[in-house]
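Undergrad: Residue-level listing of the chains:
4 protein chains.
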Amino acid sequence: MDMYRLDLNSDMGESFGAYRLGRDSELLDVVTSANIACGYHAGDPATMRETVKLALAKGVGIGAHPGLPDLLGFGRRNMDISPKEAYDMVVYQVGALYGFVRAEGGTMQHVKAHGALYNMAAVRAPLAEAIAEAVYDVNPELILLGLSGSELVKAGQKIGLRTASEVFADRTYQQDGTLTPRRQPDAMIQEEQRAVDQVIRMVKEGTVQSQQGTPVSIEAHTVCIHGDGPHAVEFAVALRKSLADAGITVEPMSRRFA
Amino acid sequence: MDMYRLDLNSDMGESFGAYRLGRDSELLDVVTSANIACGYHAGDPATMRETVKLALAKGVGIGAHPGLPDLLGFGRRNMDISPKEAYDMVVYQVGALYGFVRAEGGTMQHVKAHGALYNMAAVRAPLAEAIAEAVYDVNPELILLGLSGSELVKAGQKIGLRTASEVFADRTYQQDGTLTPRRQPDAMIQEEQRAVDQVIRMVKEGTVQSQQGTPVSIEAHTVCIHGDGPHAVEFAVALRKSLADAGITVEPMSRRFA
Amino acid sequence: MDMYRLDLNSDMGESFGAYRLGRDSELLDVVTSANIACGYHAGDPATMRETVKLALAKGVGIGAHPGLPDLLGFGRRNMDISPKEAYDMVVYQVGALYGFVRAEGGTMQHVKAHGALYNMAAVRAPLAEAIAEAVYDVNPELILLGLSGSELVKAGQKIGLRTASEVFADRTYQQDGTLTPRRQPDAMIQEEQRAVDQVIRMVKEGTVQSQQGTPVSIEAHTVCIHGDGPHAVEFAVALRKSLADAGITVEPMSRRFA
Amino acid sequence: MDMYRLDLNSDMGESFGAYRLGRDSELLDVVTSANIACGYHAGDPATMRETVKLALAKGVGIGAHPGLPDLLGFGRRNMDISPKEAYDMVVYQVGALYGFVRAEGGTMQHVKAHGALYNMAAVRAPLAEAIAEAVYDVNPELILLGLSGSELVKAGQKIGLRTASEVFADRTYQQDGTLTPRRQPDAMIQEEQRAVDQVIRMVKEGTVQSQQGTPVSIEAHTVCIHGDGPHAVEFAVALRKSLADAGITVEPMSRRFA
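Those protein sequences? They're chains A, B, C and D, same order as listed.
Going by my numbering, the residue at position 89 of the first sequence is 89; the numbering climbs one at a time, nothing skipped.
Going by my numbering, the residue at position 183 of the second sequence is 183; the numbering climbs one at a time, nothing skipped.
Going by my numbering, the residue at position 178 of the third sequence is 178; the numbering climbs one at a time, nothing skipped.
Going by my numbering, the residue at position 9 of the fourth sequence is 9; the numbering climbs one at a time, nothing skipped.
Worth flagging that the hints you see were computed from the coordinates, not collected in a lab.
Remember, predicted model here, so these are calculated numbers, not experimental data.
Check before you lean on any hint, since a few could be wrong.
If we take Cβ atoms under 8 angstroms as the criterion, some of the chain A residues that face chain D in the derived model are [to be verified]:
1) Leu21
2) Gly22
3) Cys224
4) Gly227
To be clear about the criterion: a stretch of chain B counts as covered by chain C if any three or more of its residues have a C-beta under 8 angstroms from a C-beta of chain C, and this derived list gives those stretches [claimed, not checked]:
5) 66-75
6) 240-252
Each residue gets a CB set at the ideal place from its N, CA and C atoms; glycine is no exception.
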């Protein structure tokens, strides 16, 4: 009999110098994987070191979270970068985090692209392939995290990486398995119970109810836990409890491949 | 019988985006170790990848060349950074270059701090120790390059790193083994032959004639080859030939420890 | 009787710290207006001061050349910035250059957006309007330079700015007055005489021969002189001579409104 | 009969992109002059525009707050910049803020250097003179704010600028009129009443009680109001009330020269 399992991942280490951001320490008590900013869209060397150290201490899987070189825009503005530029900036950032992981005696588990880089790589195959290649070239043992059904997950599988398909608790889905665009009024799920139920169904049945009313197949290896918002940590705690009650093991994504 | 040997190192990969700098390809035919900029004082991800690739193709030892976060000042302006900040910025930059070295299937040989970071670490023990610790923590097999007789070399030895003592062909020395400050009129050696002779004597006799007229003990594992100036490459070629004629083997610094 | 007149503009002040770029001093002897980089895509405070000083000494019209905050990409990569973000970055950069113009006792003549910002503003009306508004708000006396027929020129006229329509000597045009995209084989004009003739015709007849063989109306107030390329300055000198021979007065764009 | 008057100044506009910092809106209800960050040590174009707008709406005097190009270190780390570099970075930043002041239809009142730049300029005459010259060259009507008794105030007076001498409520002073270094245990004044009394005495008597027990002459035109700390705004409100009770008019520093 198969075991149900799910990883909870969250963005971390987004402080920069005097600018503090996020509730990393609290979140690290709830999530099982941390996506640590690498200095391009957020993060700085001191923050990277402290976050790696804290994640290791709490047994949370460590991931690099490379983004676009746009600190002012927090990596959220699309930039017309070439696949080669994407390759290079991913190698650079993954390498930089790797330095801290080695210095702290840990292991890097995964890579998750940030913001606009994540979104562009979800739909543009050449960009997705460049990112997958960069991750593979730095370390073929790394897990590549991408939006479930995205070009990035496909590119990762194609090159021979292990991949983790990400789903969202608080977003609705379309008939083709894509997320409902945020500009549409029904994009977000506000009710906590409905969000929890959506995740449980995705894990146990491998489907999500689309906004068109039909069930859609979806792969759910990890769910994105937001770090911002007043109730982010509280929701994560509640979700984790509900998952346990539903018989779903919450654990770092690497365990799936162990 | 002991063999005489010397490494020739040069700064590389200092281009940034549309800004091209240096004659890297030519220099890589002459030197045996390359200090590759890591994006703080100079360099960018594409340049790092290309320089690593080229150095590997030419059999030149690869080193990380971390600097201060001051692209505008090319890392040449002293900054009052704390030892912990120095630690973090070295781990970050060495890690970033490490990404490209892994991606290209190579090995990193050494670390040389750049500009103001190099100069400050030569005389400030706490800063030197933080840098040595950073290098050690990322990889204890790395060789730490520092000014001959400097605090950085001492710190490297203290923590258990292999170290390479750097000397200068075109700089004069003081009775205490330090370089004559650049602001003094007799700081530079202009005559090519005198510069070559100084290097040969440092390698073979372990001494340098000080400006005070007395010989001073000095350790010479590697000599700094400048990449700028109209005759930089030409001097390097001439030096290398003279070293060979004097029975000194020119090879990457790692061979010393092989 | 109407006088024929034309401004020659060129990008300037694109050096950054140790990185030197361009043949500014030579170009300033040929062109009549200088677009001075403001520190976002290129340029630094020292370079801005020196370039303003030199332009004033040579009687060349001074313009701000604001770009995207992307030094690594030289401002050539499109970024999904909002109109408000465009407004703010133009006010910031024009203001910064204004500081040097005041310090040197000069006057600012015009504003020309750089690279991707110029290209995006040529076709996106909301972005064009935000840039025009920024220029107007800083100083309604400034001339807004834009691609002939572009949204930016329209936005400038709409808000009440004086505008200068830019044409290219070395680019071919389409039936609708737009430039032939660079990816097409016939985008560039290689023959110097043909390039010169195209400019003279644009000024004297107000038309350009399209790639479809039909003449197209075009407004030609200023022509873009490239600073890069081995023969850039030489071509500018030849063009200027030919214009004089054809009875076209070459002078800063501000004279048109005097 | 002479009127007693004092300006309250505070650092503002230190947010950067997604990073929010400070309680600007509340502080602007209490202080009379705002030092607005210009994008080097903190601040971004959008924040500059919003802060200028808010200060104008609340009748608070607007000042440029140029700092070192060190966002990561918040401009607090000394850098070995040359006087010319200081000149250029002050012109650039004052100019940039000037853009927003013009766009919002306001007037710039003063310039206050930030952090390490302020501290270095307090004791290094050549740096102080370069900063004073930069301010004067951009606009000789600007008031230059500096530490009371500092080289910066002297340099401002020497070049012909109006100057504002800054004092601190919560810092103790030495016999020579300098601030007790922060590393000393008696550097800070913790008791609110003692801090208020010190300010009132400085304004009314022109003296401060030194740590050596003797009164020292001091010029007090403006007092620094901190924006951080849990009770910063509350202390400012209390101080302002006490000043009014003591018959001291609290008003922008420019009124002194009206």
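Undergrad: All hints are to be evaluated individually against the structure, with a verdict given for each.
TA: Here is how each hint holds up against the structure:
{"no.": "1", "hint": "Leu21", "in the structure": "holds, 6 angstroms"}
{"no.": "2", "hint": "Gly22", "in the structure": "violated, 11 angstroms"}
{"no.": "3", "hint": "Cys224", "in the structure": "violated, 18 angstroms"}
{"no.": "4", "hint": "Gly227", "in the structure": "violated, 12 angstroms"}
{"no.": "5", "hint": "66-75", "in the structure": "holds (count 4)"}
{"no.": "6", "hint": "240-252", "in the structure": "violated (count 0)"}
When the structure is compared with the earlier hints, violations turn up for hints 2, 3, 4, 6 and for no others.
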